[in-house]
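Protein chains in written order, with the numbering used here: chain C, 1 to 92; chain P, 1 to 426.
No lab work stands behind these hints, which were simulated from the structure alone. Worth double-checking, as some hints may not be accurate.
To be verified - Residues on chain C that point at chain P, a partial pick, calculated with CB under 7 Å:
no.	residue
1	F27
2	A52
3	E55
4	E73
Keep in mind the model is a prediction, meaning the values are calculated, not measured. The beta carbon of each residue, even a glycine, is placed where N, CA and C say it ideally should be.
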Amino acid sequence: MSDTSVDADEVRHVATLARVDLDDEEFEEFAGQFADILTYFDALDEVPEVDAETELVNVMRPDEVRESLAQEEALANAAETEDGFFKGPKVS
Amino acid sequence: MATDLNIFVTEESVADADADGPLSGKTVAVKDNISTEGLRTTCGSAMLNDYVPPYDATVVECLKDAGATIVGKANMDEFGMGSTTETSAFGPTRNPVDPERAPGGSSGGSAAAVAAGEADLALGTDTGGSVRNPAAFCGVVGIKPTYGLVSRYGLVAYANSLEQIGPFAETVEEAAELLDVISGPDAKDATTRDEAIDSDYAGAADGDVDGLTVGVPTELVEGADERVVETFEGALAELEAQGAETTEVSLESVGHAVQAYYVIAMSEASSNLARFDGVRYGQSGGYEGNWNESFARAREEGFGSEVKRRILLGTYALSAGYHDKYYKKAQDARAWVAQDFDAAFEKVDVLASPTMPILPPKLGESLDDPLQLYLTDANTVPVNLANLPAISVPAGESEGLPVGLQLIGPKFGEETIIRAASAVEE
């Protein structure tokens, strides 16, 4: 058996971290599903330690000014703009 | 057409009038998570209902330069999250082979466009099988290229380390032609590689499999529906008749691939989808309360259930206390899968399996239990974890429904899998 248990409060906490509001029904529904899914994920405990061969290299380009979107284009999909800026809600 | 298959979210014809190239006269459907300048790109989500990209994805520039005509933006599971194209905010696409059934997902609209003759070719994206799965269910060809072969610039990201844009067509050769057009290095995507510069994938579709060694991973056949296995074995026999040798191989790690895939994909999704804040783009949450409250409300309204589920599970898997248990272990499993494949390719040229372990499900049949839905990806996700190329080619039919054969190659082994797949269709 798994030690994975998820209740609606835990889903509520994660939803706060993820900045996604849910309604009460969704909290209950997700709690049930998350328990099943996380129990299934517990099988990852059986994975052996693997020496991963890393071939990663940094790919850098010169920091040069390049062609970019015009300001109007960058703002075109925003619901609210003001004086050439995005307009959003207060940060805190 | 008698039944509306709901293939396109947006139907509009776009072409570069002056362009003349290998795709002149060809029509292409483009999955709706690939940016098209001036043409609405929704990702199958209410969040992006009104989003009009100000630029083209690199692959779209390639299409236009090659003379292709884009005929529309194809329906898809919301942000690529799903295996049946039923999680789209614009309603499910129907399978042209049987409109009562799902076309597969998440690139279901793209596969259906080709199968229904609404486009000659299509582009989809494959994060855990999303090109191969609908190709199999709709009876067309789909290619998931090696990671880095095709630019992802302008693709609305879901899980960057796993996803690739890939072609659909009626035949292997046509799919390979489209791959020739879209592959190659791109200064705008630092993960692209040079291997495709002188590619002639279409030329590889010559059907010559004499002496080719084909490994069959027992783990990818065992759990499949027996009607699928029977059709799959018929296609293998066809390859043998043409001079290929088949042999059983074992990939012990794939038993953990689905878990690893979903942990990694959901974790990347939770990060990638943070950009949808309703301020720069996306549905606005209004300005009541502070930024966090407005943001959370925009996302409640804009995202469907599967997207919320994956963002939350991804956030959980990355959160303090669970990172080592889920995310780190998933990365270990990913490395293990890659090693297993490397070892297999020391013995054989390609690996073969059924693309999907089941026949196309009826619409509405598989949505209620997300875990069951995730399990249907068992044969396709190991390929994305290992960054390998794979193709799904029609292997035949069972009860009038298409069955796909998946051929997997070593990194940048596109020509080999294209050659083998072209032998299956002959």
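To see whether the hints hold, each was checked on the structure:
The closest approach between the C-beta of F27 of chain C and any C-beta of chain P is roughly 10 Å, which is over the 7 Å cut-off, so the hint fails. Annotation: interface hint on A52 of chain C holds; nearest CB of chain P at approximately 4 Å, less than 7 Å. Checking E55 of chain C against chain P by beta carbon gives a least distance of about 11 Å; that is not within 7 Å, so the hint is violated. Among the interface hints, the one on E73 of chain C holds; its C-beta lies about 4 Å from the nearest C-beta in chain P, closer than the 7 Å criterion.
The structure fails hints 1 and 3 (numbered hints given earlier, in ascending order).
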